[in-house]
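**Student:** One letter stands for each residue in the lines below.
There are 2 protein chains.
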Amino acid sequence: MTGPYCYRYPHPAVTTDICVFTIRDAQLQVLLIRRGGEPFRGQWALPGGFLDPHEDLDRCAARELAEETGLAGLYLEQLYTFGRPDRDPRERVVSVAYFALVPSQRLVVRAASDAADAAWHPFSALPPLAFDHGEILALAHQRLTAKLGYSGIAFEFLPNTFTLSDLQRIYEILLGAPVDKRNFRKWALGLARIEDTGERRCSGSHRPARLYRLKASHRDDAIAYPGALS
Amino acid sequence: MTGPYCYRYPHPAVTTDICVFTIRDAQLQVLLIRRGGEPFRGQWALPGGFLDPHEDLDRCAARELAEETGLAGLYLEQLYTFGRPDRDPRERVVSVAYFALVPSQRLVVRAASDAADAAWHPFSALPPLAFDHGEILALAHQRLTAKLGYSGIAFEFLPNTFTLSDLQRIYEILLGAPVDKRNFRKWALGLARIEDTGERRCSGSHRPARLYRLKASHRDDAIAYPGALS
DNA sequence: TGACTTAGTGTAGCGATTACACTATCGTCC
DNA sequence: GGACGATAGTGTAATCGCTACACTAAGTCA
Chain A
6 MTGPYCYRYP HPAVTTDICV FTIRDAQLQV LLIRRGGEPF RGQWALPGGF LDPHEDLDRC
66 AARELAEETG LAGLYLEQLY TFGRPDRDPR ERVVSVAYFA LVPSQRLVVR AASDAADAAW
126 HPFSALPPLA FDHGEILALA HQRLTAKLGY SGIAFEFLPN TFTLSDLQRI YEILLGAPVD
186 KRNFRKWALG LARIEDTGER RCSGSHRPAR LYRLKASHRD DAIAYPGALS
Chain B
6 MTGPYCYRYP HPAVTTDICV FTIRDAQLQV LLIRRGGEPF RGQWALPGGF LDPHEDLDRC
66 AARELAEETG LAGLYLEQLY TFGRPDRDPR ERVVSVAYFA LVPSQRLVVR AASDAADAAW
126 HPFSALPPLA FDHGEILALA HQRLTAKLGY SGIAFEFLPN TFTLSDLQRI YEILLGAPVD
186 KRNFRKWALG LARIEDTGER RCSGSHRPAR LYRLKASHRD DAIAYPGALS
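Chains as they are written, first to last, in the working numbering: chain A, 6 to 235; chain B, 6 to 235.
If you are wondering where the hints come from, they were derived from the structure by calculation, not from laboratory data.
Hints are not guaranteed to be accurate.
Treat identical chains as interchangeable: a pair holds within one or across any two.
Said to hold, decoys possible - When the alpha-carbon atoms are kept at most 20 Å apart in a straight line, the in silico DMTMM-like pairs for lysine to aspartate or glutamate are as follows:
#1 K220 / E177
#2 K186 / D201
#3 K220 / D122
#4 K186 / D137
#5 K152 / E204
#6 K186 / D171
#7 K152 / E140
#8 K220 / D61
#9 K152 / E200
#10 K191 / D122
#11 K152 / D226
#12 K220 / E72
#13 K186 / D122
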């Protein structure tokens, strides 16, 4: 392939790929797009794409995510950089992987032009993935569960207001194990990061639950749920 | 600049930069090289260099480290990827940063051709650094101290055999605070990862210390010194 | 109004972490 | 060879945090 961009030494292409997680139907789910072009046409892959010449890496990840899925403004964190020489059959591609979390409510996903389709898949039943995206997702999942043990990352799955039962459900799904209600609440109520809104949520024929809210002032507090250490 | 390597879209250059830490003179120290060429000629920088076309990223980091400093076979871990569009004045460069640890004894450092000089610098008194290498080192240091809390990374600073006092000194230097001797030894002796060699080390006019050794079988055990949580 | 469903609450036991000070063993110097 | 100096090595009691565990409260709906 020849073109107008020439260098004295070979340069790899650089892309970002984004692992977007959410919790839906009481399951951890991942956003995948069906590839519209070669290679791996028709297979599922992570959203992502090539780095623009004057664009920061974080910016690239956010842009690709918005372009391919319509999602914007979510928690986005650099994960790891994958660079095996043969990971893309077309040319040498170094991919900076990101991982992102979406609250369960913001699930509207739009497939864009260069992606034939975009859909959520349960993490426990992923289809075969293009390139080394399976490996990338495995690492993202590992990071996600590890961060439960030392950061307040679980809150990123929640909307602005939530009940303590909502929060507990998140932890139970991510940990894959039930959590004691009283111990969990004792712990959660001790966190500086959340506060009572004074409101309640009525959702069915039972006692309404208090609604809590995140305090922006403590956004980056390290929060470790002790039961997450297992 | 024109050359034989042409692409349809612009490609950034990709490099690796390595933050090498050791402990020397009761201080955390970092390996820097003095730049022999432009830009930033004569300034201190992290060892590192351009990715070869058929080389994995990890491989590139290890190779550059060996070429520029003579160090090989040490603990090497990918840290983060830096890609600000203006971080290199010559052209767009995306750098995959690594961090590496060397035992205090293996300190022989050799400056190679393209690096005018290589030397250890106390982390607490770093000279001005080229590019965004100051930022990279700050992140590496953060990762290093964070990992003390949940991994056995401190052992990477030790030679094959060591005394418990050696180990304690590592923790005290990295944590920047004294550690209770009895509690520390109780903890260390409970680790499955170390074993008594039966030998002793005599180093001065005082009681000799038992020598311990790492068990290879437990190389990747997670080890968290409780005092490291502060 | 009774049944159902989820929200919300306290305590006692256990295990882990912490604080704390003296004895042991070697070399050296007189 | 005895005293000194220097580092190695050792145990216990108090505290704190985590865990296990079962019932009452407040709504809806039939």
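**Student:** Go through the copies and call it for K191 and D122: within, between, both or neither, with a Cα cutoff of 20 Å.
**Tutor:** Answer is neither; intra-copy 43 Å and inter-copy 57 Å both fail.
**Student:** Check K186 against D201 for me: Cα-Cα at most 20 Å, and say if that holds within a copy, between copies, both or neither.
**Tutor:** within (18 Å within a copy, 44 Å between copies)
**Student:** State whether the alpha carbon distance between K152 and E204 is at most 20 Å within one copy, between copies, both, or neither.
**Tutor:** neither (30 Å within a copy, 41 Å between copies)
**Student:** Reference check for the pair K220 and D61, CA-CA at most 20 Å: within, between, both, or neither?
**Tutor:** Neither, since 29 Å and 43 Å both go past 20 Å.
**Student:** Measure nothing new, just compare the shortest in-copy and cross-copy C-alpha distances for K220 and D122 to 20 Å and report within, between, both or neither.
**Tutor:** neither (37 Å within a copy, 50 Å between copies)
**Student:** Within a copy, between copies, both or neither: where do K152 and E140 come within 20 Å Cα-Cα?
**Tutor:** Cα proximity of K152 and E140: one copy only (18 Å, versus 23 Å across).
**Student:** Measure nothing new, just compare the shortest in-copy and cross-copy C-alpha distances for K220 and E72 to 20 Å and report within, between, both or neither.
**Tutor:** So K220 and E72 fail the 20 Å test inside a copy (31 Å) and across (50 Å) alike.
**Student:** Classify it for me, K186 with D137: is the Cα-Cα distance of at most 20 Å met within a copy, between copies, both or neither?
**Tutor:** neither (40 Å within a copy, 47 Å between copies)
**Student:** When no copy is named, should K186 and D171 be tagged within, between, both, or neither for a Cα gap of at most 20 Å?
**Tutor:** within (12 Å within a copy, 45 Å between copies)
**Student:** Check K220 against E177 for me: Cα-Cα at most 20 Å, and say if that holds within a copy, between copies, both or neither.
**Tutor:** neither (23 Å within a copy, 35 Å between copies)
**Student:** As a check of your reading, is K152 near D226 (CA-CA no more than 20 Å) within one copy, between copies, both or neither?
**Tutor:** Both ways: K152 and D226 sit 13 Å apart in one copy and 18 Å across, limit 20 Å.
**Student:** With identical chains, the pair K186 and D122 could be close in the same copy or across copies; at 20 Å between alpha carbons, which is it: within, between, both, or neither?
**Tutor:** neither (40 Å within a copy, 60 Å between copies)
Checked against the numbered hints above, the structure breaks hints 1, 3, 4, 5, 8, 9, 10, 12, 13 and satisfies the rest.
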